[in-house]
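Chains as they are written, first to last, in the working numbering: chain A, 14 to 340; chain B, 45 to 567; chain C, 3 to 472.
Heads up, some of the hints might be wrong.
[Claimed, not checked] Taking lysine-lysine and the DSS-like style, the derived pairs with C-alpha atoms no more than 30 Å apart in a straight line are:
| hint | chain 1 | residue 1 | chain 2 | residue 2 |
| --- | --- | --- | --- | --- |
| 1 | B | K452 | A | K268 |
| 2 | B | K424 | B | K452 |
| 3 | A | K280 | A | K268 |
| 4 | C | K93 | C | K132 |
| 5 | B | K452 | A | K280 |
| 6 | B | K292 | A | K268 |
| 7 | C | K58 | C | K95 |
| 8 | C | K95 | C | K132 |
| 9 | C | K93 | C | K154 |
These are calculated hints, taken from the structure and not from any lab test.
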Amino acid sequence: MSGSTQLTLVQAVRDGLAGEMDRDEDVIVMGEDVGENGGVFRATQGLIEEFPDRVIDTPLAESGIVGTAVGMAAYGLRPVPEIQFMGFIYPAFDQIVSHAARLRTRSNGRFSCPMVVRAPYGGGIRAPEHHSESTEAFFVHQPGLKVVIPSTPSDTKGLLTAAIRDPDPVIFLEPKLIYRAFREEVPDGSYTVELGEAAVRREGSDVSVYTWGAMTRPTLEAAEELAQEGIDCEVIDLRTLSPLDEAAITDSFRKTGRGVVVHEAPKTGGLAGEIIATIQDEVLLYQEAPITRVTGFDVPFPLYALEDYYMPEPARIKDGIRETVEF
Amino acid sequence: MAFEYELPDVGEGVAEGEIVAWHVAPGDHVDEDEVLADVETDKAIVDLPSPVAGTIRELHAEEGDVVEVGGVVVTIDVDDEASEQPEDASEPDESTTAAESSEPALKGADGETPVPEGRVFAPPNVRRLARELGVDITAVDGSGPSGRITEGDVRSAAEAEEPERKSAVTKRSDAGDKKSAVTKRSDTPDGDRKSAVTKRTTAGGTDSSASAEDHAESADRDRTVAVPAARKLAAEHGVDIDGVPTEKSRDGEPFVEVEDIEAYVETRQRAEPATEPSETTTAAGTPATAAEARPVSREPYQGIRRTIGDQLQAASSEIPHATHHDTAVVDELVATRERLNERADERLTYLPFVLQAVVAALDRHPVMNTELDEDAAEIKYKEYYNIGIATATEAGLMVPVVEDVDAKRLPELSAEISELIERARSREISREEMQGGTFTVTNFGAVGGEYATPIINRPETAILGVGELRQRPVVDDAGEVVPAQTLPLSLSIDHRVIDGAEAAQFTNTVIEYLETPSLLLLE
Amino acid sequence: MVVGDVTTGTDVLVIGGGPGGYVATIRAGQLDLDVTLVEMDAYGGACLNRGCIPSKALISATDLAHTAGAAEEMGVYADPAVDMQGMISWKDKLVRRLTNGVESLCERAGANLIEGRAEFDDTHRARIVKSGDGQGSESVEFEHAVVATGSKPIEIPNFEFDGDRILSSEHALALETVPMSLLVVGGGYIGMELATVYQKLGCDVTVIEQLQDALPGYEADVTEVVRERAEELGVDFRFGRTAKNWEGTGDGLILRTENEDDEREEFTGEKCLVAVGRRPVTETLNLDAVDIETEDGFIATDDRARTSLEHVFAVGDVAGEPMLAHTAFKEGEVAAEVIAGEPAALDSQAVPAAVFTDPEIGTVGMTADEASEAGYDPVVGQMPLRASGRALTLNEPEGFVRVVADSETGFILGAQIVGPDASELVAELAVAIELGATLEDVGATIHIHPTLGEAVHEAIKGARQESIHY
């Protein structure tokens, strides 16, 4: 039956994993609590019953989880290791950056690493330290890795499917703030959403606003409110951060001449800089105003009381857009 | 039943209203929402519609009376027994917020028809239809058996009524829409765009209202690409970048560079007519602000005036000026000119004589005919003599240049000077004709005055100001004070290049030739 | 347990899975709304688990046993034995079946089901507190909410329920043995139904009621039929007494009462059922966090089931009288429809009610007195069941069918039926009232003979002075 089902984002993750495991018996799911417990966010719920040989509960050892996965991948499997929270990925950083990202070049193409490292990322869920990271920039900076961040359930399933089928390593970051925030019609059956392609969430002519992940919804909310003030925003959800969809970025900027980048990651070294540099490289001549960055602050992610202040929300995003528009 | 209509609160802190005019009288029947009166508040005149249908029993205020909010203005005998309208009238705002909810019944959301109390003889679908159409089913006459209300009854009632919200007061000037007006720079003439964002059109300096023939060279594009620095330059000059002519393109779009902007600015400066304050209609030309205490009129500081001003500012700030004053006793010159004018085809002024005297002196004091090349750290001695004649015009000070003065004879000089001055005044003079001078003479004496401190015309290093030629007291050789024709001279020098002594020596030489004009025959 | 609080977003949050809640949930699902149902105990609520269903099960079982054993007149001789545990476990099984049924109906409607106790955090945010496995809490952000937290039995001072001597209706529906004697404090419908059940099971029942008659709210002639029958069965009634306190004894308790003249009395019994009414449950909701108004403990609602917070609705017992499961159904439906933007409202012309005593009582609409007070000139048709062929063949000739109508127009205004299957018979008249039907409409309709429904027809005709059979 080809239809669609209303799913939340985390349900779409599960659906995508189940679909690929069904289609390809090389796909392995592994991580802490992913098997018997079905994942702390239920992202892998029931998979161990459906595919008893291919869901592995690992010890609490991120470098081991990813290192094992790299080995599996090099020898032909398609592992999808889960890092329970992005804040725990750092012990595995070496495995990812020193090995996963380099296998292909190191072996001159003889080996590759078709692994997808999944991790819930981002803040806003009132969690303690380490549970609110948004450090995608660390991985974007490493050549040899793809970095994907979906913002809707239907995109999540398609992008995850595409990531699993990709012959090279993909870091798949899931915005846990919106894991269950809303449901959407997600097509049944397998489908892919191409990596490296941004999505225009809202067309507009006055200013290009670039964002991704959990920040997409507050950005769209800000755009709708600004429409009442006569400011027509174009909102681009980048979806893949590495490789960036440069054409989408510059096509939009060519049209509007003004830009804003919204991300929850800290400002310095954040991907807003990369996007702005790309714009400057390609379409400087169309620029009419400085490009504003609406981002997290250059401080360690705060706890409960200041969390809402740290993360960009519609009021702050609107201020940033107005700044550019009124230059 | 008698309904006492209290003046409702129309909001905005209005506490009372004046009955401007009654539209009804006792005994009149009114329908619901029919306008009873015009009421004037602090802000506006508003309609006072009737919240009930009935007959006017009594008016409690006369035209011209001021009634307080909450005071009874009219008593109406209501038509319908079962109506709940009296409650509505005193609670015009039916939307529920937690703070506003009042007992007994929770009012629910806007626009909901309340369920009537008591029995209604109508099947469920008809009751629902009534709610859907906003019909008060208790006011519907049933045409079904025994008076049962049918679907048709409800639909007819819906068409007859205007099932609108029972608001107590309608503002005549109701804005309706919540959308705030577009603010900021939305004065773009292309009215299609409702955007509040104006593409880099700069405030001030827009010539869209100035006469078109002055700007035959302007472009008229929708978009232009340019580097940020170019856009900045355009903004500084008050120029619309979409108006800068260009043949270049990048990425398929018209492309403008800094040099294009500069060239455009220059042509506009030249082409601009003398500005009268009233013609220039830019955003910058605003009338006196209320902040100034005394009446003031304004005139834009731009174009020629500004260019001259900028140049003078530069000269004044960069060159250390020193001025040497002296007076020539020129009885002989006066007599000579008179004699010559008896014979000449065209009347000679004194200026040609002055120029010849100056050139003769420049020849003897070459340091006065120089230019300081700061970059090369060199003083350039010019071996030719182009003398600029400072000329006052309506547009401002202009300095046409007489070239190779040393090669021209008196009548020729005279003619050329006259012509140049004439052309400068009539704005026919070209830019080239005002360039290339080596020394400048400014004849302010034509207007009047004795001494001055003229400002050097860069890149020259000296300027001679000539005062009014007239009789003044002098001391003769006998020590007696006698009247004589005198010509005051003011020589400003660039003290980096020329010393005071040299200035004095030069002036002495000029005076020598002016006092004894026949000496010029030797040059 | 998850570190952090990942909020679930939903269109409609339904708090409580009883009749009001689960119906709102299913209707909302039918209307394509994204709905989340939170239940802290069992689906189906009090009605399904501790009220309507268990009581009807026991009533049917005991009636069967009793009738079989008292049918000598009809030539049937029997002495049925009753296994209380067997009866209770049969009742439990069917309750479970229904509870699971409710759960799967909700799932099928697309609802997201969460087990836990919901409380308000904010006007658009609730916290679901969980116990047992999966400790902790989660947050739900909702556009709309429907509060359906129901009610629980009122506990009177000095009479805390202990399930041993002092029973609530819940306990009384789960007794594994029939007590020798039972004191029933409260002569309302719950007290009367359970009194009848236990008397028929051989228990010696005494009903102690504060007012002067049982079943207040019903007309005297209606109550009389039921009370007389109960007395025939052996139930003792003591009216005008208020229960004050009690004391446990070796094999039961001593109950002390006072009447309005302060005269004291003592009653003994093995157990005591206290059934004086039910009160709304709102303490689980943290209502302080939001501005929802209450009236006498009930959540105040309007004719769209809205509370004082426009986007929050309340349905069922928590929203006030009548505390009936079928009005909870209706309110749940209306709430869901209003949320979906439909022009629904609580505009029922009459709410039927039933008491499952012996015989049953079924009423709808106005009594004759109420009709007069409302300004109608009522006409009444009353058919005694001893004139009904079917009633005689059932060997249950006690009772009557009474219909009240407006004499001028013939619109049917109300009905009171006391007799076998009264709870079923009243449905026809409820439809008639809802449609705004007249005596002529129902009178013109052919009713099957021989049925009890025919008695309704006869009563209608009687109101038009056209009765044939009496």
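- Message: Can you confirm whether the C-alpha distance between C/K58 and C/K95 stays at or below 30 Å?
- Response: Measuring from Cα to Cα gives roughly 14 Å; hence the hint holds.
- With a cut-off of 30 Å on the C-alpha distance, tell me whether C/K93 and C/K132 pass. holds (29 Å)
- Compare the distance between the alpha carbons of C/K93 and C/K154 with 30 Å, and conclude whether the hinted pair is satisfied. Measuring from Cα to Cα gives roughly 21 Å; hence the hint holds.
- Taking only the CA atoms, is the gap from C/K95 to C/K132 under or equal to 30 Å? Cα-Cα ~27 Å, so holds.
- Query: Is the Cα-Cα distance between B/K452 and A/K268 30 Å or less?
  - Reply: violated (63 Å)
- Restraint status (C-alpha distance of B/K292 to A/K268 at most 30 Å): holds (20 Å)
- Item | Proposed proximity, B/K452 with B/K424 (alpha carbon, max 30 Å) | holds (24 Å)
- Message: Run the distance test for A/K280 versus A/K268: straight-line Cα separation, threshold 30 Å.
- Response: holds (26 Å)
- For the pair we were handed, B/K452 and A/K280, check the Cα-Cα distance against 30 Å. violated (74 Å)
Checked against the numbered hints above, the structure breaks hints 1 and 5 and satisfies the rest.
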